[in-house]
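The lines below spell out each chain.
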Amino acid sequence: MKPFRYDAVMVGCSLGGLRALRAILQPLPADYPLPVIVVSHIGPDGQGLLAELLDEDCAMSVVEVEDKAPVVPGIIHVAPGGYHLLIEGDRTFSLSVDAKVRNVRPAIDVLFESAVDTYGGRLVGVVLTGANDDGAQGLKAIREAGGFGIVQDPATAEAATMPKAAFALAGADRVLALEDIALVLQSVIHPEPTP
Amino acid sequence: MPAKNEDIEVHLFIEALKLRYGYDFSQYARASLKRRVLGLRQVFGCEYVSQLLPRLLHDPAFLPQVISQLSVPVSEMFRDPAVFLALRRQVLPLLRSYPTINIWQAGCAHGEEVYSLAILFQEEGLYERCRIYATDINDVALTKAEEGVFAEADVRAYAKNHHHAGGVGSLLDHFHIAYGFAKADDRLKRNIVFAHHNLVSDGVFCEVNLILCRNVLIYFGRDLQGRVLRLFRDSLMRGGFLCLGSKESLGFDGILDNFRVIDQNAKLFQLTSLAGAGS
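From first to last, the protein sequence lines are chains A and B. Just add 241 to the spot in the first sequence (first one is 1) and you have the numbering used here. Number 261 in the numbering used here belongs to position 265 of the second sequence; there are no gaps in the numbering.
A few of these clues could be false.
Listed next, the in silico SDA-like pairs over lysine to any residue satisfying Cα-Cα at most 20 angstroms (straight line) [claimed, not checked]:
| # | chain 1 | residue 1 | chain 2 | residue 2 |
| --- | --- | --- | --- | --- |
| 1 | B | Lys0 | A | Lys341 |
| 2 | A | Lys341 | B | Gly35 |
| 3 | B | Lys185 | B | Ala102 |
| 4 | A | Lys341 | B | Asp150 |
| 5 | B | Lys156 | B | Val145 |
| 6 | B | Lys140 | A | Gly387 |
| 7 | B | Lys0 | A | Glu385 |
| 8 | A | Lys381 | B | Asn1 |
One side only, chain A facing chain B, incomplete, derived with CB under 8 angstroms [said to hold, decoys possible]:
| # | residue |
| --- | --- |
| 9 | Pro321 |
| 10 | Tyr324 |
| 11 | Ile328 |
| 12 | Glu329 |
| 13 | Ser337 |
Hints in this document: simulated from the structure, not taken from any laboratory. Computed from a predicted model, the values in this text were never measured in an experiment. Backbone N, C-alpha and C define an ideal beta-carbon position, used for all residues, glycine too.
Hey, can you work out the whole structure from these sequences and the hints?
In structure tokens, the structure reads:
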């Protein structure tokens, strides 16, 4: 029996994302037992910087994904700018420069949907602040597979469009302010209750 | 857990391509390939991928359209300008001593990269000695690449990349602008050979000084990546250069042992020893 109910945490954000990512990832302990995978819509020039900035602030290690790298528990993996990020069946990453989806690359939907193919419902999906509707389809896929969906409370988001769109299409198991998302991410790692 | 219908259909489609036409996509990175196969539904207006099977099997004229969609050529000129700057400063000076310079650009798609190379070598006064082989499995894209016609607005947007790549003068000087299109000057095409080549199944066809293959390997699974990297190694002359995409890696199957890193950020490598025994 697996000790945890979930195998990975997927996070998507856009406009205002850096502040939001800091708020939810900073409190996670260095030995957080799940991999955290982040897609943020930032231009190709700013993305390596995003991993660096987060790495300074977080107890967990933060790395920018390289092609074919394995998904590693306890690491925050950040999508490189200009590439879609996908997860393969053997729990390694792959990248693509296919056409933009919802006018962005990396797209949150691409990551979330490919993650569902590998992890099924053993996923936590988080959609944060942003100014477009990327992430809604992906969160829907996660929730339909039985995963746990968290949406940032649009009233607390720097840009409300993305969390609103995600909630409208996918619904959510929790709609929360950033500090509460950080708490829930820590509570979902509690071992599954034995029946 | 039984397989999802979607996955069964993708599997059948890939099998059919292989059995009917010998195009083997089975070793591609599955997640991105699946997205592209499922994307065929929208392109060809059907609800299920399996509805495309009869056409795939019985209408050979359908094949190039399918290949064209599955190899999705998205690029830009002088993409990642720092890479072209590294080529200009660190590689071209070393190639200057060769009377002829052979270059292989693998996966040329619509030609953005191969024309960038041609411009780079022209600006450095080396184009006369170059022969550039630009290859792809996508015949539709190859035809378009050979035409060398781009949207004027795109080329104008690429001008910034060109400038950051140490470009001399204006990128637009290499194109004829008319009616919103930019056509590559014929002088740029003179030493380019466009050819069909499949990295999955075809072998060494030339010995070259430089191989440029960026953002192609990301579409392949690890085993296939290894095959292709060995193919590149075997196609390079000693001291030749290999340039990969900025998130791609040479670091497995011991292939890295044959190379030294020239520029890690630009993913620029130099072949220092030929294939060892048994590899």
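If you draw a straight line from the CA of Lys156 (chain B) to the CA of Val145 (chain B), is it 20 angstroms or shorter?
Satisfied, since the Cα-Cα distance of roughly 19 angstroms is no more than 20 angstroms.
Proposed proximity, Glu385 (chain A) with Lys0 (chain B) (alpha carbon, max 20 angstroms):
14 angstroms, holds
Measure nothing beyond the straight line between the CA atoms of Lys0 (chain B) and Lys341 (chain A); if it is 20 angstroms or shorter, mark the hint as holding.
26 angstroms, violated
Have a go at the Pro321 (chain A) hint: is there a Cβ in chain B nearer than 8 angstroms to its own Cβ?
5 angstroms, holds
Does the interface hint hold: is Ile328 (chain A) within less than 8 angstroms of chain B, judged Cβ to Cβ?
Where the cut-off is 8 angstroms and the nearest Cβ of chain B is about 6 angstroms from Ile328 (chain A), the hint holds.
Would you mind confirming whether the straight-line C-alpha gap from Lys341 (chain A) to Asp150 (chain B) stays at or under 20 angstroms?
16 angstroms, holds
Would the hint linking Lys185 (chain B) and Ala102 (chain B) be met if the CA-CA limit is 20 angstroms?
Satisfied, since the Cα-Cα distance of roughly 17 angstroms is no more than 20 angstroms.
Measure nothing beyond the straight line between the CA atoms of Lys140 (chain B) and Gly387 (chain A); if it is 20 angstroms or shorter, mark the hint as holding.
Violated. Lys140 (chain B) to Gly387 (chain A) sits at ~45 angstroms, over the 20 angstroms cutoff.
Once the shortest beta carbon distance from Tyr324 (chain A) to chain B is found, is it less than 8 angstroms?
6 angstroms, holds
Ser337 (chain A) was flagged as interface toward chain B. Is the shortest Cβ-Cβ separation under 8 angstroms?
4 angstroms, holds
Please verify whether Lys341 (chain A) and Gly35 (chain B) have alpha carbons no more than 20 angstroms apart.
This hinted pair holds, its Cα atoms lying about 13 angstroms apart.
Against the 20 angstroms threshold, does the CA-CA distance of Lys381 (chain A) and Asn1 (chain B) hold or violate the hint?
This hinted pair holds, its Cα atoms lying about 19 angstroms apart.
Checked against the numbered hints listed earlier, the structure breaks hints 1, 6; every other hint is satisfied.
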